[in-house]
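*Asks:* Each chain, letter by letter, is given below.
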Amino acid sequence: MILAKILILSPIIGFLINLIGGKKLGKVSGIIGTAAVFISFICALLMYRKVLSTGAYDVPLFTWMHISTIHIGFNLWVDELSTWMMLIITGIGTLIHLYSIGYMSHDKGIGRFFAYLNLFIFSMLMLVLGGNFIMLFIGWEGVGLCSYLLIGFWFKNVEYGHAARKAFIMNRIGDLGLLLGIFLCIQTFGTINFNEINSIAAEDLALKASGQLGLFQPYIYTAITLCLFIGAMGKSAQIPLYTWLPDAMAGPTPVSALIHAATMVTAGIYLVVRNAALFELAPFTLDFILVIGMATSILGALIGLFQNDIKKVLAYSTVSQLGLMFVALGVGAYTSAMFHLTTHAFFKALLFLGAGSLIHAMSGEQNILSMGGLKNKIKLTHLTFAIGTLAIIGAPFMSGFFSKDEILEKLYNHSPIIWGFALASAAITIIYMVRVYTLTFSGKFRGTKEQEDHLHESPSSMTLPLIILAILSVFGGVLNLPHIIGGGSSQKMAIWLSKINSLKSIPAHVNHLSHSMEIMLMLIATALVVVLGSLSYFKYKKQTLAELNEPRQGFSLWGEHKFYVDELYHNVFVKPLESLGDFFFYYLEHYFIQPITFGSYRILYSAGKLLRIVQNGNIEYYLVYIAIGAVLVLSLSMFVF
Amino acid sequence: MHLILILPLVVAIIAFFMPHKLVKEFSLAFSGAFFLLSLYVLFQYNPLNYYNFTYYNEIFLAGTGGSLHLGLDSIGVLMFVLTNFVVFYVNILARNKSYTSSFYGCVFLMQFALIGVFSSLNAILFYFFWELALLPIYYIVYQWGSGKDLTKAFVRFFVYTFVGSLFILTAFILFAVETKTTSFEITEMAKNSLAGPTQILFTLFLIIGFGVKIPIFPLHSWQGNTYRKAPAEGTILLSGIMLKMGLFGLIRWLVPFQEESLPIIQKIILALAIFGTIYGAAIALRRNDMKLIAAFSSLSHVGLIAAGIFSYKYIGFQGAALQMLVHGINIVGIFYIIDIIERSSGTRYLSELGGIASKAPVFSTLAFIIILGSIAVPLTNGFPGEFLLLMSVFMYQPILGAIAGITIILGAAYMLRVFQRAFMGEVSEHVSEFQPVSNGDLYALGFIVVLVFLLGIYPQYVLDLTANGSQYLTNLLELKNN
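Listed in order, the protein sequences are those of chains A and B.
Under the numbering used here, the first sequence has 449 at position 449, and the numbering climbs by one with no breaks.
Quick note, the numbering used here runs 1000 ahead of the 1-based positions in the second sequence.
Bear in mind the hints are in silico, worked out from the structure with no lab data behind them.
Predicted model only: the values in this text are computed from it and were never measured.
The beta-carbon is built from N, C-alpha and C at its ideal position, and this holds for glycine as well.
Keep in mind that a hint or two might mislead.
[Stated by the list, open to error] As a list, the in silico DSBU-like pairs of lysine-lysine whose alpha-carbon atoms are at most 35 Å apart: (1) A:Lys24 with B:Lys1359; (2) A:Lys23 with B:Lys1148; (3) A:Lys542 with B:Lys1097; (4) A:Lys156 with B:Lys1359; (5) A:Lys156 with A:Lys24; (6) A:Lys562 with B:Lys1097; (7) B:Lys1359 with A:Lys108; (8) B:Lys1097 with A:Lys575.
[Claimed, not checked] Non-contacting residues of chain B with respect to chain A, defined by C-beta distances greater than 12 Å in every case (computed): (9) Ile1004; (10) Tyr1045; (11) Thr1100; (12) Ala1402.
One chain only, chain A, in its complex shape (with noise of 0.2 Å):
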């Protein structure tokens, strides 16, 4: 109980100190804020061991609200999942944290930075440890405000600000879907406790599988299940609520890697998950799941290609593989993609602060086409980064490739098409990654003598959260390996999962495929990486400044910019609903309000003379009736006292 609690303040303690110590701190902030974290992690620590031996357990708080029947507490449910979770936010924000110190040094809002930084620990960590839809969804708008201080944190650029409002109105248009679920969940369970409402739906799969007529119609489910995943959808930038998440990148980098790759976009995979019995009971909403999750990958992954800026094809790339997990959800693989978005923690977070440590080096260049050639400048970055690029397209034994491969085979089983559509994205992946980190480390150097002569390695602040997400982007790998190296035994994490409520009364599905099935999935997926890899790398390599500023053309013109949907958006959708605002105030206040205005005034002219409630309908008249009618009452009342 303790443990939960310092847990949760840790970081909002963090978040006051630096907020209200502000510039004074100076860069004493960075450690607060990293201490802050860091107390949360080591409370993780204990948590899980905790719920290890004794099981999943309930902190609550305090009431918040009841509404009749119903009754919305400030409770903590501590369990496998969020205790994964938990872990991942936590570690990894504790290394961003000990890289933003480096980072951010020379930043005069270094406290600021700090405080908003903690403020979304404590707002994830909400998140995922509510035990209520309500809980959830004051994290869910918690996170969701600290990445808009963030993404404009530097807040004198007008567009950064553009950016950071963006993000904030979609990820809203995505919480009204969610709002919406949760209001459908209260009319239909009575009950907005996470737990409650995965009994009864635990009971209602019971009943649906012995062949009965279930608790509730199968399009109630539906309903709820697309309401909630729209909020994923939002938060989890899919389509077509993806585009605000290549603009968070304005955002300082070590944000970019903590909140818009490695926890706050993984939110609504892990609401699918935590919800997990509500979505089997309705195939429809996992069918368009998987739907929509395949078509984000494709397509994040095809803008990628085409991308110069580092942290946006990063960013593309984040939506590409989130896409990956909700292909994995929509199959009902709930375990591997948990077991995607950890990896994907790891390697994406490694490769984010890598790109930082580049950005840092080259002072503030983005561009990939002005890099080049850094491979002997900053070895620790290039050696990091290339294992985080190994790990992203899947190389043999990385963590990436198993959690790439389960999600794959898993696919396989499901259907043959899928798999190969899932085989392209990953293709695609290859291509993109491998074009980056070569045209960022080797051929020549390509930026200008200036920059040259500033080239440096990164402070040990920043190499060492390097150091430890590259180990960790080797071997995550061990946290649940295939069937056919360990039996089914060695997938530790599928284990520890499945003990959450949601997925406890889901049936396993049984039919593995044949071991050697999945050793011939796995030496396809390896052939792969290793011809398209090693094709685009001599490609890349070759290419001179020349041939990379050759202007576009026909589709890869197209994807530079972004297949246009920024643009389509802004026609279709914010221009109409500004004209509909103008529209209102400039025609319908002026001509239609208005005369509705004057015209009830000449109605009710009448009509007082008519009901003769005073004789004349003179106004001077009824204001001496009003101000006779005070004086009296006045008196009396006076006469009274």
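Using the hints, position chain B against chain A.
*Replies:* Below, chain B alone, put in the same frame as chain A:
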């Protein structure tokens, strides 16, 4: 009860005749004392049944035709506290200006009338206080307003709200004539019931009368221009507390008399209120004058409150009561912020602003938190009420609820636009000579920020207070409709 009602009147009379030099401090001190007194009343208050006004149930005026009663029910007590809060803030803000004694006299006279409105248990008494509350604000707007076409805006405001009020009186008279009742006491009136066309007429008249004040779309045309032309103190009074008179009127004088559920009227009003919610937000998206944005955001917010009331559900009444209080607090904060900006930089137009955050970081932080409250981020005070109201509308009709929900997206869009244009970005020409914000103003905003968090983290305090009242209304409606 006598005391808390009569004291503002006494202070008002004194203030009218005080020398201009002293009146500022005098008024500030008394309004502060009244606010503390109202908090004392709040903490002493024991929420009982809706019509069981035991805490303050005294005969105000003994006459031959019965007696006039005053009393505060649990929603009334909230509005009573809000009245004192708003008047206190008006006095705090007025410190920075040079007003004559008659201004302060008007403010306290209005406080007197507003307390009367929220505590009248007699329809005629209610109407008397209602009209009395309008007179000072007319004077304030006309005397201290600014901008061109002030007279035109004033006349529109005056005629419109005055005519609107007459609908209320007409409805009450209609009720009396139809039911042949001799008493306008609410407890007596509740024993009678209307039927058929008279019921419809009664309902419509009250909706129009209160709807003008709230205002419900399309009765809002007086609002925008009046807010723009009125002095900041007048705008705060109008938006902070006077529009709650209308919402309160609906709860006190309309809902208990809904004999048949009148589903068609209910549907139409709900649809209008929700349309107004979206309408106000859409207009606020692109305006340049911050006061105009605040005016239309207010239209948007109160539309949702009205929709919650007209969904005739327990959660709707609870949400409405809470949100009436919260909207009062936040809109005072917003207009206060606009006034600070206007005083410090000389403009309140977004196109001329920018970069205030660089000049006044503490002020900007406070302003940001109040804006968060206004866009209903969880753990700020705007969220619990909005949650309940949206849920209530959703339970009434899911599609309407989903449409009303769009306001949480638009609300974020226009409010963040204001923050971004005024506070973020490069320092604009006007802002470059931004006067430092005084400590007094910062404390005043700081207190609102405290309220933003308190009511956001623990809304149950208010909800417990109003639970009986809302339950009573719900039961009444269920009883009558079955």
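*Asks:* Take the hints in turn and mark each one as holding or not.
*Replies:* Do the hints match the structure? See the list:
1. The hinted pair formed by Lys24 of chain A and Lys1359 of chain B meets the criterion: a straight-line CA distance of about 17 Å does not exceed 35 Å.
2. At roughly 45 Å between alpha-carbon atoms, Lys23 of chain A and Lys1148 of chain B are farther apart than 35 Å, so this suggested pair is violated.
3. Proposed proximity of Lys542 of chain A and Lys1097 of chain B is contradicted: the alpha carbons are some 73 Å apart, above 35 Å.
4. The hinted pair formed by Lys156 of chain A and Lys1359 of chain B meets the criterion: a straight-line CA distance of about 12 Å does not exceed 35 Å.
5. For a cut-off of 35 Å, the pair hint linking Lys156 of chain A to Lys24 of chain A stands: about 21 Å separates their Cα positions.
6. As the CA atoms of Lys562 of chain A and Lys1097 of chain B are separated by approximately 54 Å, the hinted pair breaks the 35 Å bound.
7. Between Lys1359 of chain B and Lys108 of chain A the alpha-carbon distance is near 15 Å, which keeps this suggested pair within the 35 Å criterion.
8. Simply put, Lys1097 of chain B and Lys575 of chain A have alpha-carbon atoms about 41 Å apart, too far for the 35 Å limit, and the pair is violated.
9. Annotated as non-interface, Ile1004 of chain B keeps its C-beta farther than 12 Å from every C-beta of chain A; the closest such distance is 14 Å.
10. The claim that Tyr1045 of chain B is not at the interface with chain A holds, since no C-beta of that chain comes within 12 Å of its own (minimum 19 Å).
11. Consistency note on Thr1100 of chain B: stated as away from chain A, and its beta-carbon is indeed over 12 Å from all of that chain's, at 22 Å minimum.
12. The beta carbon of Ala1402 of chain B sits about 6 Å from the closest Cβ of chain A, which is not more than 12 Å, so the claim that it is off the interface is violated.
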